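Chains V and H, in that order, give the protein sequences.
Here my numbering is used: position 60 in the first sequence is 60, and no number is missing along the way.
Here my numbering is used: position 218 in the second sequence is 478, and no number is missing along the way.
The set of hints was computed from the structure by calculation and includes no laboratory data.
In this text the structure is predicted, and so the values were computed from the model without any measurement.
Not one of these hints is a red herring.
Pairs of lysine to aspartate or glutamate, DMTMM-like flavour, derived with a Cα cap of 25 angstroms:
id: 1; chain 1: H; residue 1: Lys285; chain 2: V; residue 2: Asp222
id: 2; chain 1: H; residue 1: Lys341; chain 2: V; residue 2: Asp35
id: 3; chain 1: H; residue 1: Lys315; chain 2: V; residue 2: Glu228
id: 4; chain 1: H; residue 1: Lys298; chain 2: H; residue 2: Asp331
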Amino acid sequence: MLHFLQQLGSSTRTSFAKLGRATFFLGHTLTGVVDVAIRPRLLLNQLHSVGVLTFLIITISGLFVGMVLGLQGYNILSDFGSEEALGIMVAASLVRELGPVVTALLFAGRAGSALTAEIGLMKATEQLSGMEMMAVDPVNRIVSPRFFAGFLSMPLLAALFSMVGILGGHMVGVGLLGVDDGSYWSQMQVNLDFYDDIVNGVIKSMVFGFAVTWIALFEGYDAVPTAEGVSRATTRTVVNSAFAILGLDFILTAMMFGDI
Amino acid sequence: MDNSDISADSLISVRNLSFSRGNRKIFDNISLDIARGKITAIMGPSGTGKTTLLKLIGGQLFPEQGSIVVDGLDVHQLRRKELFNLRKRIGMLFQSGALLTDINVYDNVAFPLREHTHLTESMIRTLVLMKLQAVGLRGARNLMPNELSGGMARRVALARAIALDPMMILYDEPFTGQDPISMGSIVHLIKSLNTTLGLTSIIVSHDVAETSAIADYIYVISDGKIAGQGTPKEIAASESAWVQQFMNGNPDGPVHFHYSATDYIEDLLVSSHPPARIAGKQETFKTDESLKAKGLKKTPSRKRGRSRYRRED
Numbered sequence: 001m002l003h004f005l006q007q008l009g010s011s012t013r014t015s016f017a018k019l020g021r022a023t024f025f026l027g028h029t030l031t032g033v034v035d036v037a038i039r040p041r042l043l044l045n046q047l048h049s050v051g052v053l054t055f056l057i058i059t060i061s062g063l064f065v066g067m068v069l070g071l072q073g074y075n076i077l078s079d080f081g082s083e084e085a086l087g088i089m090v091a092a093s094l095v096r097e098l099g100p101v102v103t104a105l106l107f108a109g110r111a112g113s114a115l116t117a118e119i120g121l122m123k124a125t126e127q128l129s130g131m132e133m134m135a136v137d138p139v140n141r142i143v144s145p146r147f148f149a150g151f152l153s154m155p156l157l158a159a160l161f162s163m164v165g166i167l168g169g170h171m172v173g174v175g176l177l178g179v180d181d182g183s184y185w186s187q188m189q190v191n192l193d194f195y196d197d198i199v200n201g202v203i204k205s206m207v208f209g210f211a212v213t214w215i216a217l218f219e220g221y222d223a224v225p226t227a228e229g230v231s232r233a234t235t236r237t238v239v240n241s242a243f244a245i246l247g248l249d250f251i252l253t254a255m256m257f258g259d260i
Numbered sequence: 261m262d263n264s265d266i267s268a269d270s271l272i273s274v275r276n277l278s279f280s281r282g283n284r285k286i287f288d289n290i291s292l293d294i295a296r297g298k299i300t301a302i303m304g305p306s307g308t309g310k311t312t313l314l315k316l317i318g319g320q321l322f323p324e325q326g327s328i329v330v331d332g333l334d335v336h337q338l339r340r341k342e343l344f345n346l347r348k349r350i351g352m353l354f355q356s357g358a359l360l361t362d363i364n365v366y367d368n369v370a371f372p373l374r375e376h377t378h379l380t381e382s383m384i385r386t387l388v389l390m391k392l393q394a395v396g397l398r399g400a401r402n403l404m405p406n407e408l409s410g411g412m413a414r415r416v417a418l419a420r421a422i423a424l425d426p427m428m429i430l431y432d433e434p435f436t437g438q439d440p441i442s443m444g445s446i447v448h449l450i451k452s453l454n455t456t457l458g459l460t461s462i463i464v465s466h467d468v469a470e471t472s473a474i475a476d477y478i479y480v481i482s483d484g485k486i487a488g489q490g491t492p493k494e495i496a497a498s499e500s501a502w503v504q505q506f507m508n509g510n511p512d513g514p515v516h517f518h519y520s521a522t523d524y525i526e527d528l529l530v531s532s533h534p535p536a537r538i539a540g541k542q543e544t545f546k547t548d549e550s551l552k553a554k555g556l557k558k559t560p561s562r563k564r565g566r567s568r569y570r571r572e573d
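Next up, chain H with everything else stripped away, as it sits in the complex:
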């Protein structure tokens, strides 16, 4: 990764970013650029810190090292007021929608307008109905958030995210847990909003097919590093075994199917003892019956693999 190539048309430049939670390194000196006006996807397995990256970009978390420059402003050097002004130009779609549960759909979409503008109620009404029309939920304006399906809640949240006409939208796992129809409508919305409103979109996701379909550029992150980057075609043709495993969803590969553990046979034979007593021996499970039949030898475990699937929070 060349760190000097801050291109003029990149809206966000992340440089030498490091971030840890406890002893675990989430990002280890990564640098990336998000192009203006494009849809950029950040992909990677659960727990690689994709959401953390969005929170770092939004200034909700502070990096240990490195900088994030959004539209010429270094997010973590800004004063609180400047940061808030920057955030008014950033829409974020949370995984759960994060709608305010005590007010209805209309008031949720009106919330940022009422907080940050001095528009009259009739102007706000017009704007809210336009935003709701854009996501196809103008008819649902009087519903409460608990009356919405997951997909609808996300679309309302999207209407709220575009309420202030932001320059970019951060999508946190927009496709997770959606039925095919609402998945399709969200994929379509992200693409069409990006084109019609001239936005810059960042999608954090691990849904390979949907993301590849609309992304202009993809970064694949693993173990705190960028494992691969390029257009969806380039990524699909990547020579990296890890990227191939991720994109094709193979159960075994560089990421082992089995969580790091002691020898299987040994473990079974001493099954009367709790596993903690033999935890001193750190050898991975490797005596799968098929491996034995092939006469393959035991190989030592990849110790780093043990943290791969741990959730970040």
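Bound-form chain V, shown alone:
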């Protein structure tokens, strides 16, 4: 029992210490906005590796998710004779929930893990230390551009995901199952609210982008600088990001749509 309490105490302390380090790290990262403003090239390079290289997985996943939504939505809606509502059903699910959440999960798997591994390896090979000794702040120089790139990419990727998903739903619903083309789009146009649905979806994806990129970069920076340490950190990035995304999603949904 005493041992259990001891373990509980020490793991709580470790977790809070880590949270503290992560917060300082975030503060330090945000000061890098100056570096990024002076040298936009750093940001552009990272937007490419964090954003553009995640493009393919987001597009393909979005297409399939939209197609499945079209199929499932049609099956349920046709029982009530309201297939024409398929458009709004697909669009609302994607824009409000699936777009931001699934994109963030995929982003954590593709870009987040890559960021952790990259920063962790730079630490393990003394590149970060070397930069410090060359009087260059590695957090501002290396971490900050990646952070802002992740934060900016996420909403764009989520928007792309939703857009491709809506087209996928259209392909299956209208193309294969015979839902009326005009009602698919008009229902969507009439019922989807710009602020309630789209802006809230964008806010969600920005929050997720912030959280995932922060977690990924911090885990890399805080990794034990060995091969094993980096691999563990990469795993932690994906697991912690998933928790953060789903937990934050509940909180944000409750605040935006839940009347809680």
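The hints should help you fit chain H onto chain V, whose structure is shown.
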């Protein structure tokens, strides 16, 4: 060690420095001076904190106690900006080279120049080619770091370290894992750069022969203390058994060949039990067959010896 002798020509003065990692004391109240314009070597077995000393000098780590003064500036009292200004005057060669892996050799050497100066690209090109010429790798400027051999990577890192014309260079294990040719070229480079550029060099190493060949002064560190110091000749003639063992690489001596363990025979007889169960008995292995044959008695272990070969990270 007399702590009052801060001589005028010392570039670095370390005074009463103590540093620990966890419960392990890496440095226990040590003081040393690094002479300006000379090559000073810090030697000692792996895990004695030689690299830690360089990181303390560079201000990357904070000591528990004591001070390090570099060129009149107390490293750990400096503000961040002042520390960065000091670091611009210090080149450091890391053991792995620490080249940035996503840019080529040319850009690696140009990196500090682009970060800290407002020179035009054509000026930077001239400087980079001069630095690369000095280490003999002007022809390798377009290679990526993963295309370089270990020795070449270290030479590129050396070119980068001298890019800003520093007042001193810290070498972290420059000879480790080098083939004889690249070892020879690095030994030659350290010596010639120090002379031609008027640098101060600090070499952290455990390669006795190479280091002794070029060092002007040597400190030997063991167990957080300075075990010996002097010119290479003085060190070689040292009366300390420990220094002798280290310099000559004898397998046994004050540092035991065997890691501290329970009695060998006892250990074998209870081999069906995991060693942890008999860990309460802390007696060193000492019943080597030859010892027994000579009728020598068991001696208690040196408990401090157990941490000697543990890595610091």
